[in-house]
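J.: The opening residue of the sequence shown carries number 0 in numbering that gives the first Met the number 0; numbering runs sequentially from there.
What the hints contain is simulated information worked out from the structure, not anything from laboratory work. In this text, a Cβ means the ideal position worked out from N, Cα and C, and glycines have one as well. Incorrect hints may have been included.
Under the rule of at most 16 Å between Cα atoms (straight-line distance), these lysine to aspartate or glutamate pairs were calculated in the EDC-like manner [what the hints assert, rightly or not]:
{"id": "1", "residue 1": "Lys426", "residue 2": "Asp458"}
{"id": "2", "residue 1": "Lys426", "residue 2": "Asp481"}
{"id": "3", "residue 1": "Lys426", "residue 2": "Asp385"}
{"id": "4", "residue 1": "Lys427", "residue 2": "Asp502"}
{"id": "5", "residue 1": "Lys427", "residue 2": "Asp385"}
{"id": "6", "residue 1": "Lys426", "residue 2": "Asp502"}
{"id": "7", "residue 1": "Lys427", "residue 2": "Asp481"}
Okay, the calculated beta carbon distance ranges per label pair [as the list claims (entries may be wrong)]:
{"id": "8", "residue 1": "Ala553", "residue 2": "Gly401", "range": "55 to 61 Å"}
{"id": "9", "residue 1": "Pro527", "residue 2": "Pro244", "range": "40 to 46 Å"}
{"id": "10", "residue 1": "Thr528", "residue 2": "Pro418", "range": "32 to 38 Å"}
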Amino acid sequence: MRAPGIALRALLPFAIALAAAPAVAQPPITRNLTFTANRNEYPPTIVSPFGAGYSACWSYIHGDGREYAIIGTNNGTAIYNVTDPYSVYRVGFITGPFSAWREMKSYRNWIYITTEGTGAGEGVQIVRMSDPEAPVLAATYTGSFTHSHTVAIDTARAILICNGTRNAAGLATGMHILSIANPEAPVELTWWPGGAIPVPNAQYVHDCVPIGNRLYCASIYSGDERVLDFTDPANPFQINAWTYPGAFTHSSWPDATGHCLYVTDEVDGQPLKIFDITNVMSPVEVNAITSNPVAIIHNPKVVGNELYLSNYTEGIRVLDLSDPVHPAEFAYADSYPGPSGDFFGVWEVCPFFPSGTVIASDMQTGLYVYRPVRDYGIVRAVVDSDGVAPLAGASVRLVTQGDSLTTTGDGIVQFAPSPGTHTVTAKKFGFVSASATRAVTIGSRDTVALSLVHRPVRDYSGTVKDAVSALPLETAEIDLLDTPLATLTDASGAFSMPVVPEDLYNVEAHAPGHIPASYTLDLDPGFPTHHIQLVPARDYDDMEIDRGWTVGGAGTGDNALTGIWVRVDPLGTSAAPSAPARARRSPDLLSAREPSGPLHEGEELGLYPGQVQPGDDRTPPPGVRCWVTGQGTDSTSISQNDVDGGKTSLTSPALDLTGMAQPTIGYWRWFYCDGAAEDWFAVLISDDDGASWVPVDTTRGNHNQWVERAISVSDFVTPTNQMKVRFIARDGTPGNIVEGAVDDLTVYDAANASVAVPAPALPRALRLATPWPNPARGAVSLRIELPRAGDARVEVLDVGGRVMRSLWRGPLAAGATPLRWDGADDLGNAAPAGLYFVRASAGGESAVARFVRVR
0 MRAPGIALRA
10 LLPFAIALAA
20 APAVAQPPIT
30 RNLTFTANRN
40 EYPPTIVSPF
50 GAGYSACWSY
60 IHGDGREYAI
70 IGTNNGTAIY
80 NVTDPYSVYR
90 VGFITGPFSA
100 WREMKSYRNW
110 IYITTEGTGA
120 GEGVQIVRMS
130 DPEAPVLAAT
140 YTGSFTHSHT
150 VAIDTARAIL
160 ICNGTRNAAG
170 LATGMHILSI
180 ANPEAPVELT
190 WWPGGAIPVP
200 NAQYVHDCVP
210 IGNRLYCASI
220 YSGDERVLDF
230 TDPANPFQIN
240 AWTYPGAFTH
250 SSWPDATGHC
260 LYVTDEVDGQ
270 PLKIFDITNV
280 MSPVEVNAIT
290 SNPVAIIHNP
300 KVVGNELYLS
310 NYTEGIRVLD
320 LSDPVHPAEF
330 AYADSYPGPS
340 GDFFGVWEVC
350 PFFPSGTVIA
360 SDMQTGLYVY
370 RPVRDYGIVR
380 AVVDSDGVAP
390 LAGASVRLVT
400 QGDSLTTTGD
410 GIVQFAPSPG
420 THTVTAKKFG
430 FVSASATRAV
440 TIGSRDTVAL
450 SLVHRPVRDY
460 SGTVKDAVSA
470 LPLETAEIDL
480 LDTPLATLTD
490 ASGAFSMPVV
500 PEDLYNVEAH
510 APGHIPASYT
520 LDLDPGFPTH
530 HIQLVPARDY
540 DDMEIDRGWT
550 VGGAGTGDNA
560 LTGIWVRVDP
570 LGTSAAPSAP
580 ARARRSPDLL
590 SAREPSGPLH
600 EGEELGLYPG
610 QVQPGDDRTP
620 PPGVRCWVTG
630 QGTDSTSISQ
640 NDVDGGKTSL
650 TSPALDLTGM
660 AQPTIGYWRW
670 FYCDGAAEDW
680 FAVLISDDDG
690 ASWVPVDTTR
700 GNHNQWVERA
710 ISVSDFVTPT
720 NQMKVRFIAR
730 DGTPGNIVEG
740 AVDDLTVYDA
750 ANASVAVPAP
760 ALPRALRLAT
770 PWPNPARGAV
780 SLRIELPRAG
790 DARVEVLDVG
800 GRVMRSLWRG
810 PLAAGATPLR
820 WDGADDLGNA
830 APAGLYFVRA
840 SAGGESAVAR
850 FVRVR
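With the hints as constraints, model all of the structure from the sequences given.
T.: Below is the structure:
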């Protein structure tokens, strides 16, 4: 039933935070994992966080070899016979306290189940599986604690380990270690860290795994990975603990040798960390990988030489560990049909069935059963810089399958492609790309060497002006997309980016009060100074005066206790730069940057390092005001007057969007959030003066920089002269920091965007640029420039004038064309060290350049 005075669609944005995948499961997308069964008998309920109906899963193997899958649900634990993975059936259900968190492990003929839920049945449930077709709740342990977030078992020594525990009073009580020599009557041996209760967050253990005489512990709140000596389970002690940038240490697992440790962080954008722990007192991060840079890696599991990863929204991933430092993904199964980067989809993967069966728990659609197929070979890519040293930070792509990895200090990545012919490419900003092709068979192993050559560099400079008044635009932003380069104009409208690699770029130009423009920049030595003209928006609200905005009001459901929207000159607040980064990272790199020059990799993208609330509005001087979610009095306190306890809404006055070909509402946004999916920044529009609302965008995670956004109105509603836009900032997690800001609202016709892009000057005659690098150890980059289109020939000659390699024969367009010599002759043999020449000819003209090749 519709609420009085509020259209049904007005409720939609508030459901975004709890949106879930359809309860009816779709066949998963798989590679090298044969899907055999799905059971979805306990679909999500709206009262569960993340819209989840399921949590963790685990395996139970009976003494006679029968295999069973265990999966947590909202109100209990379901147990299924998976002995025949194609004929799965339920054998029992153990009711428990309602909770979205439920974990379990098995020992001999028992299953141990823990949960965060309270009420009847709380504690560690002990399920007897003597008759696995009729599971029985044999006992419930409620000794020194009543709740446990996760559980682990040392099956060799009958030790139960409960992590993240709380007692009946709700106080944190640490990691408890119990003997289950009598499986139905656990006896506590000790607890870690010991001492006074409650246990501080710094020593909270979220998850652990016992391997041999070591206990690997993930302390999520302090961002620490810990290794404990577990030789005597009654007296564990810490061997070492360490942290790392962006740490929110969720779980870990060592490889079979114990020399590598795989660590996950439950944070968007944080990859799987691989630590060399050969010397556990001095761990070294040697690699970091992810299947999707905006997704969350949840848990790792190692079986022999294979690593199994559960990933929210990306399913399960299986990686070959024949080189444990460079895992190669050879299989996946993705059961979640929605977008990447949120708390949906697979929670857990369990690969510990003797038969080879693998199960996974999808939070929305239940239990999945798979059988692995190992139909792949290994391709190892070794990337260097100019043939000299390993190159870190290169993006290496298996083109034929779309897989992508980034090199670390050793310049090495590994892929596990299916049989066939595959192409591998490597690229990095500022370098000429390289590629190689290899034939792959099952079990084959091959290495490709990819040498990236530095591009020559030059300055990119120009001005940005108003297309109507011709006045300079101060703090206009010029952003070379997909690169770390961006800058702002100074008071005269001028910008300069020194040391820009010559290349083809997609560029965006933004200025408050103007229509943003995009253009292609072909930067080469003939490129002139660039004069850009931006068209002013039809309507512009710089927020310096209040033009009729509304905070809260009837129908918004606002309930925030603090952090209510206010129009002010903002007082910036900053988080300590050394604090572990717990906010989910955004791929959006647009920001208001200092006008002194381009940014480079590793620099802060916001106005200030660790900025929480902006210290300046986005409007060019003399503007100072914007809307922010609360204004404190202490710039060192990030929690003072941030959004707490709910949501706060800001609604624009009526806007006229009629009479335009592409009616658009633009705005500059800032959003900081150190929490999870329950904290968000939503944007809605109305075409009927606020009687009904349509959601157009929801942002989660950390976006603490000024970013211009645009709403293409016709994509959502029919434009009217009674349009409104609403911004909602929500804090859904107690204790999280949430700050939002809005500035410089515009109304414009996107069809009118224009930007002056000068064409590069053509050479008057054939020109051949000096090869680079020179001297060269590996590949050599070249560039031929033609005054007009026509047939051309480019060859590499040795010192005796003999043709070593023909690089080009055929038609070429006017202007500059890059070429590359890989250092081999026409027969594929590596050319020896010595003096070489490049000869180009076209249109009756010729040019020669020389270079030296060294070993």
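J.: Hint by hint, note whether the structure agrees.
T.: Tested hints:
no. : hint                        : result
1   : Lys426 x Asp458             : violated, 22 Å
2   : Lys426 x Asp481             : holds, 12 Å
3   : Lys426 x Asp385             : holds, 13 Å
4   : Lys427 x Asp502             : holds, 12 Å
5   : Lys427 x Asp385             : holds, 12 Å
6   : Lys426 x Asp502             : holds, 13 Å
7   : Lys427 x Asp481             : holds, 11 Å
8   : Ala553 x Gly401: 55 to 61 Å : violated, 49 Å
9   : Pro527 x Pro244: 40 to 46 Å : holds, 42 Å
10  : Thr528 x Pro418: 32 to 38 Å : violated, 53 Å
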